[in-house]
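Undergrad: The lines below spell out each chain.
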Amino acid sequence: ETGVTQSPTHLIKTRGQQVTLRCSSQSGHNTVSWYQQALGQGPQFIFQYYREEENGRGNFPPRFSGLQFPNYSSELNVNALELDDSALYLCASSPRPQLAGGQVEQFFGPGTRLTVL
Amino acid sequence: TQLLEQSPQFLSIQEGENLTVYCNSSSVFSSLQWYRQEPGEGPVLLVTVVTGGEVKKLKRLTFQFGDARKDSSLHITAAQPGDTGLYLCAGAGRRGSTLGRLYFGRGTQLTVWP
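Protein sequences appear in the order of chains A and B.
What the first sequence shows, in the working numbering, is residues 0 to 116, in sequence order.
What the second sequence shows, in the working numbering, is residues 125 to 238, in sequence order.
Any given hint could turn out to be false.
With a straight-line cut-off of 20 Å between C-alpha atoms, the simulated DMTMM-like cross-links for lysine to aspartate or glutamate are [as the list claims (entries may be wrong)]:
hint, chain 1, residue 1, chain 2, residue 2
1, B, K180, A, D84
2, B, K181, A, E104
3, B, K181, B, D207
Everything labelled a hint here was simulated from the structure, so no lab data went into it.
Just chain A, with the same shape it has in the complex:
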C-alpha cells in the first residue's frame, strides 16, 4: 500500500509568480485535503476535494485554487505569490469524506516546502 506522496519536495519562487503543487493520495482514498503550515504554526486548512469537486474551503483567498483528477490525485495552485505564502504545504488523504456525526482519519504526505523571495 502506497502512502501519500507530494511533489516537488522544495520550491523557490519570487513574488508575483504562480506555483503548482501535486499530491497523489494513498491507495483506496478518494478525498484529498490541503493544509498550509507556516513556520512555528500548526497546519491551517485550505480546502478539500472529493469526486473532483471542492468539498469545503478554509479562510484562504481565491488565488488559492485546486483540482482533483479521476485517479484522486490533486493539485494546489497559487497565483500572484506573496512573501507570506512561504510555508510547508501538506496534502492529506482519507478514504471518504467525513459525514455529520461521523469521523474519518486523514493521512499526511511529506509536504512541499515553498519559499517565496
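Given chain A, work out where chain B should sit, using these hints.
TA: Below, chain B alone, put in the same frame as chain A:
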C-alpha cells in the same frame, strides 16, 4: 487564531522522565487526533479519540479525550530520545461547513536528552 491551544509550547526533559501535553478548546469536536511531526516531514497520525472520556494507550503513550469532547491530553511515560518531535493535536469539525476539516493547535516541541 488557533481554535486549539496546546501547552506547553516547548518541553525539554531527560530520558526516563514522564510528561503530559495538553490540548484545550472552547469548541466541541467530533473526534480529536494526535500527530507527531519530524522536521521537514508531514505529521504522522498517532491516535484518534472519538468518545468523551475515552482513554487510549499506545505503548508508553496514553491519550485521553475530555468528557465534553473539547480537550485532550497526551501522557508519555519514561520518555526516550526517539520521542523527540513536534506533537500536534487536531480537532475534527462536527457539522456543516466545518465537516472534513481538521483544526490544529500550534504544537508542543518535545526534546528528550539522553
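Undergrad: Confirm or reject each hint.
TA: Structure-based check of each hint:
no. : hint              : verdict
1   : B/K180 <-> A/D84  : violated, 37 Å
2   : B/K181 <-> A/E104 : holds, 18 Å
3   : B/K181 <-> B/D207 : holds, 15 Å
In this structure, the one hint that does not hold is number 1.
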